[in-house]
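Asks: This is what each chain is made of:
Protein chains: 2
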Amino acid sequence: MTTIKEVAKLAGVSVATVSRALNNSGYVSEATRIKVEAAVKELNFYPNEVARSLYQKKSKLIGLLLPDIANPFFPLMAKGVEDGVNQRGYSLLLGNVEDDEEKGKEYLKIFAQNNIAGVISAVKGDGKDLRNMPFVMLDRVESNRDFAVHSDDYTGGMLAAEAIAKRNPKEIVIMVGPKEVPSSAIRLAGNEKVLKEYQLAYGLFQTPSFKFELAEQTAEQFFEAFPLADSVIASNDVYALAVMKEAIKRGRRIPEEFQIIGYDDMPFSRMMYPGLSTIAQPAYEIGFKGALLLCDILEKGFVANSRIQLPVTLKIRESVREKDEDE
Amino acid sequence: MTTIKEVAKLAGVSVATVSRALNNSGYVSEATRIKVEAAVKELNFYPNEVARSLYQKKSKLIGLLLPDIANPFFPLMAKGVEDGVNQRGYSLLLGNVEDDEEKGKEYLKIFAQNNIAGVISAVKGDGKDLRNMPFVMLDRVESNRDFAVHSDDYTGGMLAAEAIAKRNPKEIVIMVGPKEVPSSAIRLAGNEKVLKEYQLAYGLFQTPSFKFELAEQTAEQFFEAFPLADSVIASNDVYALAVMKEAIKRGRRIPEEFQIIGYDDMPFSRMMYPGLSTIAQPAYEIGFKGALLLCDILEKGFVANSRIQLPVTLKIRESVREKDEDE
Numbered sequence: 010m011t012t013i014k015e016v017a018k019l020a021g022v023s024v025a026t027v028s029r030a031l032n033n034s035g036y037v038s039e040a041t042r043i044k045v046e047a048a049v050k051e052l053n054f055y056p057n058e059v060a061r062s063l064y065q066k067k068s069k070l071i072g073l074l075l076p077d078i079a080n081p082f083f084p085l086m087a088k089g090v091e092d093g094v095n096q097r098g099y100s101l102l103l104g105n106v107e108d109d110e111e112k113g114k115e116y117l118k119i120f121a122q123n124n125i126a127g128v129i130s131a132v133k134g135d136g137k138d139l140r141n142m143p144f145v146m147l148d149r150v151e152s153n154r155d156f157a158v159h160s161d162d163y164t165g166g167m168l169a170a171e172a173i174a175k176r177n178p179k180e181i182v183i184m185v186g187p188k189e190v191p192s193s194a195i196r197l198a199g200n201e202k203v204l205k206e207y208q209l210a211y212g213l214f215q216t217p218s219f220k221f222e223l224a225e226q227t228a229e230q231f232f233e234a235f236p237l238a239d240s241v242i243a244s245n246d247v248y249a250l251a252v253m254k255e256a257i258k259r260g261r262r263i264p265e266e267f268q269i270i271g272y273d274d275m276p277f278s279r280m281m282y283p284g285l286s287t288i289a290q291p292a293y294e295i296g297f298k299g300a301l302l303l304c305d306i307l308e309k310g311f312v313a314n315s316r317i318q319l320p321v322t323l324k325i326r327e328s329v330r331e332k333d334e335d336e
Numbered sequence: 010m011t012t013i014k015e016v017a018k019l020a021g022v023s024v025a026t027v028s029r030a031l032n033n034s035g036y037v038s039e040a041t042r043i044k045v046e047a048a049v050k051e052l053n054f055y056p057n058e059v060a061r062s063l064y065q066k067k068s069k070l071i072g073l074l075l076p077d078i079a080n081p082f083f084p085l086m087a088k089g090v091e092d093g094v095n096q097r098g099y100s101l102l103l104g105n106v107e108d109d110e111e112k113g114k115e116y117l118k119i120f121a122q123n124n125i126a127g128v129i130s131a132v133k134g135d136g137k138d139l140r141n142m143p144f145v146m147l148d149r150v151e152s153n154r155d156f157a158v159h160s161d162d163y164t165g166g167m168l169a170a171e172a173i174a175k176r177n178p179k180e181i182v183i184m185v186g187p188k189e190v191p192s193s194a195i196r197l198a199g200n201e202k203v204l205k206e207y208q209l210a211y212g213l214f215q216t217p218s219f220k221f222e223l224a225e226q227t228a229e230q231f232f233e234a235f236p237l238a239d240s241v242i243a244s245n246d247v248y249a250l251a252v253m254k255e256a257i258k259r260g261r262r263i264p265e266e267f268q269i270i271g272y273d274d275m276p277f278s279r280m281m282y283p284g285l286s287t288i289a290q291p292a293y294e295i296g297f298k299g300a301l302l303l304c305d306i307l308e309k310g311f312v313a314n315s316r317i318q319l320p321v322t323l324k325i326r327e328s329v330r331e332k333d334e335d336e
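From first to last, the protein sequence lines stand for chains A and B.
Just so we're aligned, residue 10 is where the first sequence starts under the numbering used here, counting upward by one.
Just so we're aligned, residue 10 is where the second sequence starts under the numbering used here, counting upward by one.
Hints should not be assumed to be uniformly reliable.
One copy or two, either will do: identical chains are not told apart, so a pair holds if it fits within one copy or between any two.
Pairs of lysine-lysine residues, derived as DSS-like cross-links and limited to a Cα-Cα distance of at most 25 Å, are as follows [as the list claims (entries may be wrong)]:
#1 Lys118 / Lys69
#2 Lys14 / Lys50
#3 Lys202 / Lys188
#4 Lys254 / Lys324
#5 Lys220 / Lys324
#6 Lys69 / Lys114
#7 Lys175 / Lys332
#8 Lys112 / Lys69
#9 Lys254 / Lys332
#10 Lys18 / Lys118
#11 Lys112 / Lys50
None of these hints come from the bench; they were simulated from the model.
Looking at chain A on its own, in the form it has when it is part of the complex (with noise of 0.2 Å):
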């Protein structure tokens, strides 16, 4: 590897005038900055982070913890902090939860071994444990206090209860999110809110989680409960996947016998037939502005918006009906 001496040789400088050239600290001539360069882009050198980071007593890393890999919204929304840190010239440490509490402690702990300088957290309920580091939540908010990303849960419970409510609905069913996640109870008062002004009634069943290995159980449960639904408003988009398919193998047609709007818009809905209706939530953007924040956080140690909050948007697809033609 090309150390720092080498650098300067080449340069013709000092071993200082090169560092003050690359952390640009301190004054440096013009032309001498161009020779440091050229050198450096001769050489192919680049500091080492390692001991850039022991010295500066931070790395850059960004710790990024994430629940269930398995849904595709989640790996979308890395790809954005993986963009969003590598444009800031962080890089990504990856701890994936998988709903484990314990396995979110230990990751906070080897984040903290790397001396990691923020971390950006999509996981539920691991607030008092990031309280010690600089932190950003996407999806989801636990106290005003918080540095956090999410999209408007709220609009999007309404907007998802509307296209139902338009569409000829006989038997409504909310498949509540899991009660643990925090955006549930927001989704479902923006349903509740619609279906009220629209003098319709509804069943609510209790989705238990988000895993994705419990869907089709899940499905199967659903219809026991509620062997009549015909309208309904899921949790999020694999588990109306799910409830889609056991209508389809229960003998449903869809949608003229079975509809469903799911939520999440996961680049799978639109490419299986009949299409998912959904309420689309900006995966990508979410996790890209939550990684600039924290760097913003990082570095200008002051941001003007602690809270950002992305708008989401209604996709219709072929798994509900047409609109109501009085409409």
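Using the hints provided, position chain B relative to the given structure of chain A.
Replies: Chain B alone, transformed into the frame defined by chain A:
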């Protein structure tokens, strides 16, 4: 943060003794080890990875290069890698390359700056850039001397072709994987061997890319090229789904008028309706075994098998017909 000095003080031993006890190097009496461990626990001390890394020249970080993260095959593989490296005390630096060669090189630079111990890569064509550090390739092999974990593509190709051959195909088309993916040619060889044995004619459609965003457009091109295709051996599950959706849009009944088999067995392939028949690759296991292989290389400097090939299995679901009666 607790220092090693504080641990030594509480344990009533020297710093050198604490260091020997923690690193398992040199003699430490059992009684002393117990005292040190008690002090470590009481003070919640954990050695600083960055300092250790600088001293040992190598960190406990492993870099992971992944292609398109929108294909759920890769997050699942990443999960396997992560569990494997974690089990051996390493953490994962993430690099999503997105089929961009320059980005791959950039990541390798960042990895080197962080003194990573080694690289695990599922990205095609970066062989020569990797050769100055320990590395393991996943899902492909570029040279006979490489360390690699992959699945049995030839058998996979044969199984897919046999599944179609036995199901009364009228016009068979093989979607050949992108040219730059080494497994494409091997799977095609497996397909062709079987179709020739069955004396069945077939067309070839070259899949230009595995990019998620291009799947729907490619599906349209497929039907322009082969409007009468009724039995398709697809290059992967994502592209199989896109072609199946396009077939349904064109009014073809699945599987009576159009049958298709994919490759990979993504989590979603079973969850849609009709469920996609496919060749299941053990994505998680490929990642997990690849991680253990790299850790063995790093720690033992020797491994018995530099190439691990994992078996594939045929999954029959609703997207193909019943088998011919005479079998």
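Asks: Which constraints among the numbered hints does this structure fail? Numbers only, ascending.
Replies: none
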